[in-house]
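Residues per chain are reported as follows:
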Amino acid sequence: MSMNPFCEIAVEEALRIKEAGRASEVVVVSMGGEQCVETIRTGLAMGADRGLHVITQDSSSLFPLAVAKLLQALVSSEQPRLLLLGKQAIDDDCNQTGQMVAGLLGWPQATFASKVSISDDKESVCVEREVDGGIETIQLQLPAVVTADLRLNTPRYATLPNIMKAKKKSIQRVTPEELNVVIGSDLEVLEVTEPPKRKAGVMVASVDELLDKLKNEARVF
Amino acid sequence: MRRILAQRRWTPLGKKWLENCRAYSVPASSKVVRDERFATLDDQDIKHFSGIVGSKGLVVDKDELEVANTDWMRKFKGSAQLLLRPQSSNQVAEILKYSSSRRIAVVPQGGNTGLVGGSVPVFDEVIVNLGAMNSIISFDEVSGILICEAGCILETLDKFLADKGFMFPLDLGAKGSCQIGGNVSTNAGGLRLIRYGSLHGNILGLEVVLSDGTILDMLSSLRKDNTGYDLKQLFIGAEGTLGVVTKVAVLTPQKLPSVNVGFLACTDYTSCQKMLLEARKHLGEVLSAFEFIDSFALDMVLKHSGHRHPLPDAKEKFYLLIETTGSNQSHDKEKLDNFVETVLTQGLVVDGTIAQDNTQISNFWHIREGIAEALGKAGAVYKYDLSIPIKDLYNLVEILRERLGGLATVVAYGHLGDGNLHLNISAPDYDEKLIAKIEPFVYEWTAAHKGSVSAEHGLGFMKAHAIHYSRSPETVELMRKMKAMLDPNGILNPYKVIA
Chain Z
3 MSMNPFCEIA VEEALRIKEA GRASEVVVVS MGGEQCVETI RTGLAMGADR GLHVITQDSS
63 SLFPLAVAKL LQALVSSEQP RLLLLGKQAI DDDCNQTGQM VAGLLGWPQA TFASKVSISD
123 DKESVCVERE VDGGIETIQL QLPAVVTADL RLNTPRYATL PNIMKAKKKS IQRVTPEELN
183 VVIGSDLEVL EVTEPPKRKA GVMVASVDEL LDKLKNEARV F
Chain L
2 MRRILAQRRW TPLGKKWLEN CRAYSVPASS KVVRDERFAT LDDQDIKHFS GIVGSKGLVV
62 DKDELEVANT DWMRKFKGSA QLLLRPQSSN QVAEILKYSS SRRIAVVPQG GNTGLVGGSV
122 PVFDEVIVNL GAMNSIISFD EVSGILICEA GCILETLDKF LADKGFMFPL DLGAKGSCQI
182 GGNVSTNAGG LRLIRYGSLH GNILGLEVVL SDGTILDMLS SLRKDNTGYD LKQLFIGAEG
242 TLGVVTKVAV LTPQKLPSVN VGFLACTDYT SCQKMLLEAR KHLGEVLSAF EFIDSFALDM
302 VLKHSGHRHP LPDAKEKFYL LIETTGSNQS HDKEKLDNFV ETVLTQGLVV DGTIAQDNTQ
362 ISNFWHIREG IAEALGKAGA VYKYDLSIPI KDLYNLVEIL RERLGGLATV VAYGHLGDGN
422 LHLNISAPDY DEKLIAKIEP FVYEWTAAHK GSVSAEHGLG FMKAHAIHYS RSPETVELMR
482 KMKAMLDPNG ILNPYKVIA
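These protein sequences, in sequence, are chains Z and L. Be aware that the first sequence starts at 3, since it is given in our numbering, and climbs by one per residue. Be aware that the second sequence starts at 2, since it is given in our numbering, and climbs by one per residue.
Hint data in this document are derived by calculation from the structure and do not stem from the laboratory. Virtual Cβ for every residue (Gly too), placed ideally from N, Cα, C. Don't take each hint at face value.
To be clear about the criterion: a stretch of chain L counts as covered by chain Z if any three or more of its residues have a C-beta under 8 Å from a C-beta of chain Z, and this derived list gives those stretches [unchecked claim]:
no., stretch
1, 339 to 352
2, 355 to 368
Straight-line C-alpha distance at most 25 Å; calculated DMTMM-like pairs for lysine to aspartate or glutamate [said to hold, decoys possible]:
no., chain 1, residue 1, chain 2, residue 2
3, Z, K171, L, D352
4, Z, K171, L, D62
5, L, K336, L, D419
6, Z, K199, Z, D93
7, Z, K167, L, D62
8, Z, K171, L, D419
9, L, K304, L, E286
10, L, K165, Z, D214
11, Z, K71, Z, D95
12, L, K384, L, E279
13, Z, K167, L, E317
14, L, K336, Z, E40
15, Z, K167, L, D419
16, Z, K215, L, E156
17, Z, K169, L, D46
18, Z, K167, L, D141
19, Z, K167, L, E279
20, Z, K199, L, E156
21, Z, K171, L, E342
22, Z, K169, L, D358
23, L, K63, Z, D95
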């Protein structure tokens, strides 16, 4: 199963922070069914140190609030200084998890990051974020939540030596019950409709036929 | 041995090509002359053709003809005054019957993506374009046998099959434009021959129109049929010189879900060869592609395509793209892991990456498939497609590199698993001096190593004179006899294949 592209960018940023000496460990987290293991392995193959898999019956019941509550529980046991997430998932396009978990934790948040710099004393982080009017630069006290946008970086390909090493890295499994989180169905999907199907194009064999169709069918003129 | 009567010479066009990013190769001093036994089109002919294909099947528009007269590499340009777009096999039959009787030369044309000038006229031959005959006739979901018209675009067929859980056993960079009739007539090899075999094996039946208008129905879709001579094999790879393919019956394999692609770096060519051995041993039946790209080719495509280097830290001379396709993801991953561990331990690969998702898979393939286009953008390109014993394959590249020195950049890539080298020489301009250093040296070297001067591209116009480098005189003589028998007036794609 492919890693959500924005999350891939977040993993890459975490690795770069560690390579710059500003972090000691990168832990990748995924939540859902067995397919999550593959995604975690990709993160490990890119260079993360270990993985955490929150196993649920099926991923479709995991809405952003549930994910945020689970992350909150993990944060209290792992005690990370920085939570890096993709700005949104490309399946539901919610763009809520980062903001919600920051609220639950009471941590500062910087979303749509296009540049992240941890301070020398590792007490704060300076983030440039893409907003409608341009780029906003803010400084946050750590620990903080940052969500990654497209232009933050270009994720690395997992190289062979790292792919081999990843097999030996640990993936810890944990259930929502063990984290004391109840996964409620706080959202009910009422309806999903596809946009109206595009009609197939018509090949015309001559300019005359094109003009005829434009005039009489499309009524352009 | 027959004397070479036709010679392709490139006129130096200086920096002019830069403006259009292309150069026309007008045979200013070419020794090919128009065969005056062929008729010149007159109004009667055009009227007759119009009666066959209707007004929408008759093209005399200058701009459309310009495109159809020019090959994909923009190296060969004919001067056809008429293009016909038949909509059925019967129309093709009537066109050929009439053309035979009037001795009008014709060029069968599909997607016009050929690389040896075989799909465009040399002079004023009438172009018969099969593009309007693009129906899928039937598909048997149990046997996987697809029957379609020759004008179907390869990618369209593959997409149709994908919906049904099958795939076309042929894949090449030109898939978005090339038509199956042309693929069959060229006996295209493509990226997955190593797994699915050649069209000679996958094509179960053909409908072909002969030069006298006879519609030869060999469209059986039986897996096995040993009744008499297997004539369809003659037309596969005949490049439109023995008959016009109008319908095709193909055996298509299942589309298997588990695909893995690795992009690996090797220090030297010996390692690449050992990698092929190890891939066959460890990946076995799931190996579906084994391509090599040398560093010059990789630099060229990365420069002109905007793709990023899969292994930015590797500065090696050779890169391999290895693909596996199978029915069971965990089984394939295990095989791949074993393979990777073995080759890493043996030091055969220095670095590499395995695609983690479909986006990365298509990125790696775009790099391999984008080399030809990148070469086109880089300037003038001399293209050679050679079959050479694998152990000797790269020697030619290094010898040529030394021979040409600073005159040009020699770029090599290809289907290493098939022993097929795509040798390309990239220069700022077409240059007499350069071609003199390349030909006939490349052909002679290949012949000396018992190779083929055209592995998969065909002879077309470009190599019509070169057949004797790879075929005995007796074989060529028999080919001439077959051609004379099947096309007594010589109207089908003249000046091509056998000069």
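Right, here's what the structure says about each hint:
no.	hint	result
1	339 to 352	holds (count 5)
2	355 to 368	holds (count 7)
3	K171/Z / D352/L	holds (20 Å)
4	K171/Z / D62/L	violated (66 Å)
5	K336/L / D419/L	holds (22 Å)
6	K199/Z / D93/Z	holds (20 Å)
7	K167/Z / D62/L	violated (63 Å)
8	K171/Z / D419/L	violated (39 Å)
9	K304/L / E286/L	violated (35 Å)
10	K165/L / D214/Z	violated (37 Å)
11	K71/Z / D95/Z	holds (19 Å)
12	K384/L / E279/L	violated (30 Å)
13	K167/Z / E317/L	holds (23 Å)
14	K336/L / E40/Z	holds (17 Å)
15	K167/Z / D419/L	violated (33 Å)
16	K215/Z / E156/L	violated (28 Å)
17	K169/Z / D46/L	violated (72 Å)
18	K167/Z / D141/L	violated (46 Å)
19	K167/Z / E279/L	holds (22 Å)
20	K199/Z / E156/L	holds (22 Å)
21	K171/Z / E342/L	holds (17 Å)
22	K169/Z / D358/L	holds (18 Å)
23	K63/L / D95/Z	violated (50 Å)
In the structure shown, a violation is registered for the earlier hints numbered 4, 7, 8, 9, 10, 12, 15, 16, 17, 18, 23, in ascending order.
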